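Now that you have both chains on their own, put them together as the hints suggest.
Here the protein sequences come in this chain order: A and B. In my numbering, each number is its position in the first sequence, counted from 1, plus 51. Take the second sequence: its letter number 371 is residue 354 in my numbering, and every next letter is one higher.
Hints may contain errors.
To be verified - Here are the computed lysine-lysine pairs in the DSS-like style, where the Cα-Cα straight-line distance is at most 25 angstroms:
#	chain 1	residue 1	chain 2	residue 2
1	B	Lys67	A	Lys179
2	A	Lys176	B	Lys350
3	A	Lys84	A	Lys197
4	B	Lys447	B	Lys110
5	B	Lys350	B	Lys447
6	A	Lys176	A	Lys197
These are computed hints drawn from the structure, not numbers from a lab. This structure is a prediction, so every number in the text was calculated from the model and none was measured.
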Amino acid sequence: MTEPLITADLVDLDLPSDGRREAVRALAERLVKAGRVTDIDRFLADIEAREAQMPTGLEGGIGIPHCRSAAVTVPSLAFGRSTAGVDFGAEDGPARLIFMIAAPEGGNTDHMTVLAALARRLVRKAFKNELLEATDAGHVADYVQKEVAG
Amino acid sequence: MKLLAVTACPTGIAHTYMAAEALEVAAEEAGHEIVVETQGSAGSTPFTPEQLAEADAIILAADVEVRDKERFAHLPTVTSGVKKAIGGADGLIEQAVAAAEAAPKGSAAAAAPALAVKQTGPGTASKVRGWLMTGVSYVIPFVAAGGLLIALGFAIGGYQITDAPSVTKGFDWGSSTSWAALMFQLGALAFGLLVPVLAGFIAFAIADRPALVPGFVGGLVAVETGAGFLGGLVAGLLAGGLIFWMKRIRVPRALAGIMPVLVLPLIGTAIVGGIMFVVIGGPLAAATTGLTNWLNSLSGTNAILLGALLGLMMAFDMGGPVNKAAYAFAVAGLSTPSNTALLIMAAVMAAGMTPPLAMALATTVRKRLFSEVERENGRAAWLLGISFITEGAIPFAAGDPLRVIPSLMVGSAVTGSLSMAFGCTLRAPHGGIFVLPLIGNPFGYLIAIIAGTVVSAALVIALKTLGRRKTAAAETPDTIPAAAPRAAAHA
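Next comes chain B alone, as it looks inside the complex (with noise of 0.2 angstroms):
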């Protein structure tokens, strides 16, 4: 039987190599013929197409993310930590070639995407995706986390406890006002972090650790800019390219020592933050007042056409610009309270809490389109939407942004104008399912929310389904579920 396996640990320079040999004794002491690719500090060689194609099964023994894990889609697949690989090789190695039977090869489902996989190999786009999901990965607990004590800061202290006054000014132990404003507000820290870790782990996940601080900085520059998470995308692939670039110049022995610690993340930093400062920054600060005036000049329009708009803003970056412009208007709209402010507001809410819900909904009915952590994302997704925490979709967004982004704003803009349609309308300018009383004509709110959220729901489903085929992912079989989830990633 032909074995691949894939080793990985955290600091690349022991277990990763331990493992290798130990399954590549074990391998031949069983009579399989093994290839192990060791994603360690010594640098690795890929798998060829032909090693691909003609593999019947792969164990993956990792402790941190395997990189460019798409390219084993078609294959059974054994996990396992990499220390169990050092210890139990031979277990592992009869897991494999009990999944590889359990499948056999040559059947249709495992033949036809081997194929493809000689065409494609690993290419660009699957190794973007692999850094993308990287920091997707690491940046998850903090949408759970931040996000659920926010909801429960809205479930305790009603959505005008974003206006409670910071905790450090004074706790009240016996006010529940004061435990719903704390969790508000360290909820609210948590949420600060998302872009810059969803930066600092992709730049991770490109060059490595000299490139954490870039990405971390650029990531915080585009919080500051409120370029939001598609600006930390950015960040983040300029910075693990440019330091990956940087790593690659050759420097007196002196100064090599300093190189990773000092020098990369020094001059990294300077110029990824440069970057997001002065030449993304600046021309986004206009876009978005120019955002802002052009809607505003759109009173009068079309209820629901506009509805529909604002829907397709909402979803489009999920905090960043483009969301925040609409947001702004409909909130700048409650101040002089007329009944079409009302209805904006109220459509806007209603487009913001589709995207979560759309994922979680997703997640739920397409469990194996989607990854162990997503699928634990798209659990916490369900009670962020409901919170109108739009950010609960950005790990989906971000690890695919092609494909989801674009289903999220078909069925937010669903969304948006059926609420206009049905009139529904808003005085309070957030807390999701907590401000229901507020709502005018609520039946039609649900409606209008759950007709977004299926529509966005059902486009995912289509067009990760359709793209997995392209890509010669498709059909992992589903009798046979990974040995053990996913070890926790170690930085």
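Bound conformation, chain A alone (with noise of 0.2 angstroms):
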């Protein structure tokens, strides 16, 4: 049996918008209530490691915080959407959609290749509208679900 990658309770429409480490702490904590990541500090620590590498701000208003950590136990996404925009270091201004990946340190080639399909659904136009204007937390992870396994 294979845990679905989003479920709605690791979705949040309304993410506080006061700045990045904020707005990444709140999906982190919605990750560990569903019992996929063990230790937030050690996930947090993770993320702050790779933005630090090179911000993940993508033109087009998205930010992909990500990371392979030990302390995820399933490769998950956290979805958020801010209406006010939080700064990923994006050249054109801040993301108004959060993607936070996260993928256990151990993954095995089926997880990564989730995540794979997921990351090839961000750059797509149809993918990134119908997130912009979702109203409903489980629609947007019934959605996602049924687009990366198809």
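Shown next as structure tokens:
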């Protein structure tokens, strides 16, 4: 049995906009609550380490904080949407869609294939638009899951 | 038009695939075919020989070293960071098309190599070279920074700066000797990292992060046992191969999580370190002693032959056991200075100066035989060479040992024997150009060094050109420079 990449409780359609760290922490806490991350401090440190190499903000209002971390048990996606935007260091301004990708340190190829499929969706306009307009967390989770699996 | 692209990013889970998708979409919109090799965590499917042969151009969108880059030597290349491929994929596609049009397919230069690729593909040799080059690319800054610090130390403090007490024992802000000692000692520390970093990143290139510790520690053992950079190459390949193999062992789920961070580094380090100490270290120490004794028994031999022999030894492993044996033999002679001892010292230093100088010369006259980082290292190598910092040639030797080392040995042998023939003498154990006043017959000395440098550089160029033709890597058109210098690699 494989656990879904994302569930409704990993979706935050109204992410706090006071800063990158706060937004990242809010999403990380959802992962902890869902039992997908065991140690939040370690996980956040791994996220920050990746962010320090090069900011993960992308053109078009997207931030993808991500890492492989020993604190992650299941490959997971936490999704946050911010109305005001959170600065992830992209050249064209703050990110409105934030995808936190958590990969287990020893993830096998199957895990990684799912995450690769997700990453590929992130650059598609239709995918972004659907998420920008969604009103319901459950719908977002189902949509993403379906896109990634299909 | 048929395009290829490789995408790779530090974590290998997001940007690699986003860039691949963006390039595929952009290529389709522009009406071109593209195949993307994603060098990420989900494993990558290498291009087939047919794809490589039929391609018109390649885009390398990567923030880390692209694996097996040699496969693309026959293709016009567009290089960029991985992020640029996500935001500006259409621009990269345009550039690739423009590059391909500038070197139309079917022209002799493009067609011949493409055929050869079909036969060879990404063979073992090119894989090994890829691993070595990754290690080299990380080691070059250490050589440059450490070597220049040491050279500065010599320049300011004179050759006896090596005997200065540790700066931790007292540092006088107003004393130039203190500053020189500081630079020399910092440089020496940086040089201490050279072999471990080389070994660590060779291992990293083969088997990723879990191999880093076994590689680094294996490299440290190579330093500890005096095995030099050749020992480091062995340690790096050993650690990488071992971890690569261990990663394939299936383990219970509960254990899988701690494999890469705990189990693999622990067991890998124990095994690699053990082998380096016990299997390589012991015999090596014995061999070094044997070499030294043998050299001592040679006194009275023809001086010119002895000079050639010492030259061969100096250039063989650049800081490794053979080089050390030759150097120690010369320095030991200085304690009871006879004219022979001074002749030997001069020959040894001259022969140790030519390897970096030869590589500097080679990278200057035949730029396209070398990568961007190698060319930069080549610039530093001029100064390292005249400072008698033989290690300046290590990155070149480590990246392509079979071609570079023999070339350097021949040139150093020429220099060593000429220095003897001209009767050059030296009463200081090191210092390069900075001990010029202590050299007897400096003019002859200069000739000896220049001759060896030219011989080595010519041989390196000849061997590399020959090798390139053979492995189908010839003639990347000079008219199409890469779009951007390779992005700095992130670990």
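To see whether the hints hold, each was checked on the structure:
| no. | hint | verdict |
| --- | --- | --- |
| 1 | Lys67(B) to Lys179(A) | holds (19 angstroms) |
| 2 | Lys176(A) to Lys350(B) | violated (44 angstroms) |
| 3 | Lys84(A) to Lys197(A) | holds (23 angstroms) |
| 4 | Lys447(B) to Lys110(B) | holds (17 angstroms) |
| 5 | Lys350(B) to Lys447(B) | holds (12 angstroms) |
| 6 | Lys176(A) to Lys197(A) | holds (16 angstroms) |
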